[in-house]
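Q: Quick mapping for you: the protein sequence lines, in order, are chains H and S. Take 1 as the starting number for the first sequence in this note's numbering and just add one per residue. Take 1 as the starting number for the second sequence in this note's numbering and just add one per residue.
In short, the hints are calculated from the structure, not lab data. Predicted, not measured: the structure shown is a model, and the values here were computed from it. Just so you know, not all the hints are guaranteed correct.
What follows is a set of in silico ranges between Cβ atoms, one per label pair, in the way DEER data are often shown [what the hints assert, rightly or not]: (1) 65(H) to 108(S): 47 to 55 Å; (2) 345(H) to 180(S): 55 to 63 Å; (3) 326(H) to 64(S): 51 to 59 Å; (4) 63(S) to 66(H): 47 to 55 Å.
Ideal Cβ placement from N, Cα and C applies to all residues, glycine included.
Single-letter residue listing:
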Amino acid sequence: MNAVIAAPRRHYLNVNYGLKSWLLTTDHKRIAWLYLIGVTFFFFIGGFFATLIRLELLTPQGDLVQAETYNKLFTMHGVTMIFFFLIPSIPAVLGNFLIPIMIGARDLAFPRLNLASWYIYMLGGLFTLAAAAAGGVDTGWTFYTPYSSIYSNTHVALTVVGIFVTGFSSILTGLNFIVTVHTMRAPGMTWFRLPLFVWAHYATSIIFILGTPVIAITLTLVALERLFHLGIFNPELGGDPLLFQHLFWFYSHPAVYIMILPGMGVISELIACFSRKRVFGYSFVAFSSLGIAVLSFLVWGHHMFVSGQSVYASMIFSLLSMLVAIPSAIKVFNWTATLYKGSISFDAPMLYSLGFIGLFTIGGLTGVFLASLGVDVHVHDTYFVIAHFHYIMVGSAVMAYLGGIHFWWPKMTGRKYPEPLARLAAIIIFLGFNLTFFPQFVLGYLGMPRRYHVYPPEFQVLNVMSSAGASILAVGYLLPLIYLIWSLRYGAVAGMNPWKAKGLEWEIPSPPPTDNFETTPLVTQEAYAYGVADAQAVYPSGEPANV
Amino acid sequence: MSDSNLAHAHQFDDAAQQHEASWLGMWIFLGTEIMFFGGMFLGYTVYRGDYPAAFADASNRLDITLGTINTAVLILSSFTMALAVRSAQLGARRPLIACLGLTMALGAVFLGIKFTEYYQKFVEHLVPGGGFGLSGPLAGAEQIFFSFYFAMTGMHALHMIIGLGLLTALIVKARRGRFSVAYNTPVEVIGLYWHFVDIVWIFLFPLLYLVGRHLQ
């Protein structure tokens with residue numbers, strides 16, 4: 001062994017080279033990179049559609065595109081961003097990279113299945129891109145029947161097949177995570193020593209495996225109606241289009257939590273590290289993830305308050321929807337309590353985290369407005385709803401994703417990113433985001449409906465503000481793309497633990513070796529033992545910490 | 001993989017951990033399958049509540065004899081699958097291959113009978129769409145019944161075909177002597193899958209074939 005000391009250290013990035021070594025890899029860390037490339041690609045595709053939407057809405061008339069094209073633009077924007085960016089983003093990139101390391105395992109339980117998930121994801125993405133290239137689809141990302149099953153002349157079947165295929169990627173990823181967390185934890189890594197990131201992904205995986213099959217069969221039935229003239233949702237035969245909405249939202253509301261729960265896991269890690277404190281109320285935060293996962297399956301009816309469903313059902317769904325606010329608020333209050341009297345530093349990941357807390361609070365509270373029956377009838381299908389869910393999906397989920405990417409970038413690459421630029425980008429994104437979406441709350445409250453390419457002239461000022469904000473947001477998103485790629489080659493060498501953070505991932509080299517750990521680690525501490533480390537630093541001679 | 005001579009894959013500590021992971025993985029997968037079929041069962045339940053007379057009438061147009069034979073065939077295949085798992089656990093290679101082959105044969109018989117039934121439905125114009133042959137006040141809801149019939153039995157048949165593919169892979173591996181008393185996890189988990197597909201049929205048979213039988 002002594003002979004190899006002079007050679008460069010072997011790690012997962014330089015263990016072998018060439019396209020084949022990446023495309024046939026079963027290393028969870030390399031698969032995370034494959035996903036990173038995939039989701040980044042789809043993020044910018046979805047962003048392209050959003051750009052065209054915001055350009056069209058600069059003026060009240062339809063001058064850039066007409067109604068048909070506009071319908072396709074918002075549909076493709078929603079489909080791409082939800083199914084091909086947001087849902088896989090944090091779980092498939094950061095979760096894939098970190099979960100085995102965080103629990104002290106060499107890989108996920110099923111590495112080949114993990115690689116297959118990526119191929120399935122890309123295959124589904126290509127179907128949907130093919131549909132876009134062939135002329136697009138105009139049903140909205142919700143594919144409501146009977147429009148989608150009978151009347152639309154666009155590429156509905158191709159798109160839903162793409163989503164169906166990609167759904168299996170989610171299912172297999174969730175299955176892999178659950179089995180890994182159950183069976184492969186290192187000795188001493190008890191359930192209540194797991195980082196909250198792992199708890200959040202465990203909860204997300206439950207939604208993956210229980211929700212995704214339902215959207216799979218629902219969209220399959222729509223495709224079968226189009227291709228083979230089955231009549232399950234066809235009102236001409238006595239079929240019930242509302243049944244589609246029930247089945248669709250049974251998955252698609254939990255899917256919102258698929259997008260936000262992993263982000264909450266990221267934020268728990270970041271807040272603890274940059275406050276140098278253990279997370280306040282660890283078990284409450286852990287169980288609130290499970291609480292959100294369970295409740296998420298009981299609230300779908302709040303999308304259907306004006307669809308003609310029974311008012312009694314609506315009242316129950318309204319109540320249950322408000323209940324989801326409780327575990328969500330537990331998290332926000334516990335993060336805030338973690339900050340209290342913490343030793344806070346404002347590195348870029350922390351800026352994203354603080355942005356997350358503020359934007360999630362706004363997005364979450366407006367969600368409570370929408371869960372109230374009376375208010376929802378007023379603002380249903382207006383820009384108020386658009387603003388609300390973008391605060392959750394962009395303001396919260398994307399902020400958490402970027403915060404996590406920055407935080408673990410040194411671990412993934414072995415390089416630091418340029419901190420001043422990163423802080424600047426975080427601030428630009430925060431400002432651009434609010435300028436884009438806050439005016440939409442006002443627009444929606446004033447009555448501007450969603451999914452129209454024209455609007456009355458009195459709404460123009462707010463729409464111009466929103467489009468201006470979107471251009472700032474675009475700059476904010478392009479900056480990390482540039483400087484993170486730059487840092488791969490020119491960034492400062494990061495070392496094992498640049499943030500002085502806690503967790504097994506920071507106790508192995510950056511970038512990690514292929515097998516993560518030389519020997520299986522023995523875990524003796526709870527997660528986030530920040531106080532303990534500080535005490536040891538104060539008493540380096542080995543005096544007891546609790547004097 | 002280069003680790004084929006090891007008793008377990010590199011990411012696991014030992015064979016017991018690998019077995020536990022595979023076992024849990026298949027159970028979770030079957031959970032997703034329940035949700036997948038559950039969507040169709042839910043739709044069926046809703047419409048049967050809405051249109052009980054149409055569902056009973058349409059149900060009587062299915063071939064009860066072929067359906068019953070198929071149910072027996074499938075239950076028998078579950079029995080041979082269970083024998084295959086037992087043979088694998090005992091390390092008995094020839095009985096294992098024989099039982100897997102028998103299971104495949106029974107699965108193929110099931111599919112053959114199923115497609116015969118499909119052919120009859122085509123001939124009788126009971127396939128949903130423009131050529132649907134029934135008319136009258138119940139015709140719309142009867143078309144919905146046959147939509148469910150084809151969607152549910154079609155998805156079930158697709159699962160059977162996938163199962164036959166998995167059994168083929170097992171036979172190939174068994175012939176190469178890859179299974180032993182110490183390692184037979186694939187036989188066990190694919191056995192679970194096969195039983196699951198059987199159980200789906202156990203629900204489909206009464207819901208589709210027996211709904212209106214007492215009215216005849």
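Q: All hints are to be evaluated individually against the structure, with a verdict given for each.
A: Consistency of the hints with the structure:
no., hint, in the structure
1, 65(H) to 108(S): 47 to 55 Å, "holds, 54 Å"
2, 345(H) to 180(S): 55 to 63 Å, "holds, 57 Å"
3, 326(H) to 64(S): 51 to 59 Å, "holds, 52 Å"
4, 63(S) to 66(H): 47 to 55 Å, "holds, 53 Å"
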